[in-house]
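**Q** Mapping the sequence shown onto numbering that gives the first Met the number 0, position 80 (from 1) lands on 79, and the numbers just tick up by one.
Hints are computed from structural coordinates only; laboratory data are not their basis. These numbers were taken from a predicted model, which means no experiment stands behind them. Misleading hints may appear alongside valid ones.
As the list claims (entries may be wrong) - SDA-like cross-link-like pairs, simulated, lysine to any residue; straight-line CA separation at most 25 Å:
#, residue 1, residue 2
1, 75, 54
2, 71, 0
3, 29, 47
4, 75, 62
5, 17, 68
6, 71, 42
7, 71, 20
8, 75, 21
9, 7, 75
10, 75, 48
11, 71, 26
12, 51, 65
13, 7, 72
14, 17, 75
15, 71, 50
16, 29, 40
17, 7, 52
18, 64, 21
19, 71, 43
20, 51, 8
21, 17, 28
22, 75, 55
23, 75, 29
24, 29, 11
25, 29, 73
26, 17, 33
27, 75, 40
28, 17, 32
29, 64, 10
30, 7, 23
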Amino acid sequence: MAAYYVYKISPTVANLVKPMDLLEVFEDYKDARTFAREQRQNPDNEAQDTFKVIFADNPLDAEEKLSEFREKPIMKEWEK
Numbered sequence: 000m001a002a003y004y005v006y007k008i009s010p011t012v013a014n015l016v017k018p019m020d021l022l023e024v025f026e027d028y029k030d031a032r033t034f035a036r037e038q039r040q041n042p043d044n045e046a047q048d049t050f051k052v053i054f055a056d057n058p059l060d061a062e063e064k065l066s067e068f069r070e071k072p073i074m075k076e077w078e079k
């Protein structure tokens, strides 16, 4: 069953394998988004940690999607 997964992603030196921690699973996007925002603002978390919400069929699928290399979009001159 597909759900929204919230992950904490810690930075690495080589950036080859991202250490990910599954924090919570939600059925509703708004709840997942609110939780991720709260985690980003929590002073107990490291400033360089990233919190991502991903829609996937299961945790393995979510981690695969988060691990995929995605090129940055090319900005057009008028978008700068």
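**Q** Look at each hint and say if it fits the structure.
**A** Hint-by-hint comparison with the structure:
For the suggested pair residue 75 and residue 54, the alpha carbons sit about 29 Å apart, so the restraint of at most 25 Å is broken. Taking the CA atoms of residue 71 and residue 0, the gap is near 30 Å; set against the 25 Å cutoff, the hint is violated. Of the supplied pair hints, the one linking residue 29 and residue 47 holds, its CA atoms being roughly 24 Å apart against a limit of 25 Å. In summary, the hint linking residue 75 to residue 62 is not supported, as the alpha carbons are separated by about 31 Å, beyond the 25 Å threshold.
Our distance criterion of 25 Å between C-alpha atoms is met by residue 17 and residue 68, whose separation comes to about 11 Å. Taking the CA atoms of residue 71 and residue 42, the gap is about 29 Å. The hint is violated against a cut of 25 Å. Straight-line distance between C-alpha atoms of residue 71 and residue 20 comes to about 24 Å, which keeps the hinted pair within the 25 Å bound. Only pairs whose Cα atoms come within 25 Å are accepted, and residue 75 paired with residue 21 is rejected, the gap being roughly 36 Å.
Straight-line distance between C-alpha atoms of residue 7 and residue 75 comes to about 31 Å, which puts the hinted pair past the 25 Å bound. A C-alpha spacing of about 29 Å is found between residue 75 and residue 48, which places the hinted pair above 25 Å, so the restraint is violated. Restraint check for residue 71 and residue 26: the C-alpha separation of about 29 Å exceeds 25 Å, so the hint is violated. Between residue 51 and residue 65 the CA atoms are separated by roughly 8 Å; this keeps the pair inside 25 Å, and the hint holds.
Of the pairs offered as hints, the one joining residue 7 and residue 72 holds, with about 23 Å between alpha carbons and a cut-off of 25 Å not exceeded. For the suggested pair residue 17 and residue 75, the alpha carbons sit about 30 Å apart, so the restraint of at most 25 Å is broken. Restraint check: the Cα-Cα separation between residue 71 and residue 50 comes to about 18 Å, which is no more than 25 Å; the hinted pair holds. Pair hint residue 29 plus residue 40 holds up; C-alpha atoms about 17 Å apart against a cutoff of 25 Å.
About 9 Å separates the Cα atoms of residue 7 and residue 52, which keeps this hinted pair within 25 Å; it holds. Of the pairs offered as hints, the one joining residue 64 and residue 21 holds, with about 13 Å between alpha carbons and a cut-off of 25 Å not exceeded. Taking the CA atoms of residue 71 and residue 43, the gap is near 30 Å; set against the 25 Å cutoff, the hint is violated. Our distance criterion of 25 Å between C-alpha atoms is met by residue 51 and residue 8, whose separation comes to about 8 Å.
Under the criterion of a C-alpha separation no larger than 25 Å, the hint pairing residue 17 with residue 28 is consistent with the structure, at around 24 Å. With a CA separation close to 31 Å, the supplied pair residue 75 and residue 55 exceeds the 25 Å bound. The hinted pair formed by residue 75 and residue 29 fails the criterion: a straight-line CA distance of about 31 Å is larger than 25 Å. A threshold of 25 Å between alpha carbons decides the hint, and for residue 29 with residue 11 the separation of about 29 Å lies outside it, so the pair is violated.
Distance hint between residue 29 and residue 73 is unfulfilled; the C-alpha atoms sit about 29 Å from each other, more than 25 Å. Under the criterion of a C-alpha separation no larger than 25 Å, the hint pairing residue 17 with residue 33 is consistent with the structure, at around 23 Å. A hinted pair counts as satisfied when its Cα atoms are at most 25 Å apart, and residue 75 with residue 40 does not qualify at roughly 32 Å. With a C-alpha separation of about 21 Å, the suggested pair residue 17 and residue 32 falls inside the 25 Å cut-off, and the hint holds.
Pair hint residue 64 plus residue 10 holds up; C-alpha atoms about 17 Å apart against a cutoff of 25 Å. Restraint check for residue 7 and residue 23: the C-alpha separation of about 10 Å stays at or below 25 Å, so the hint holds.
Violated hints, in rising order: 1, 2, 4, 6, 8, 9, 10, 11, 14, 19, 22, 23, 24, 25 and 27; the structure is consistent with all others.
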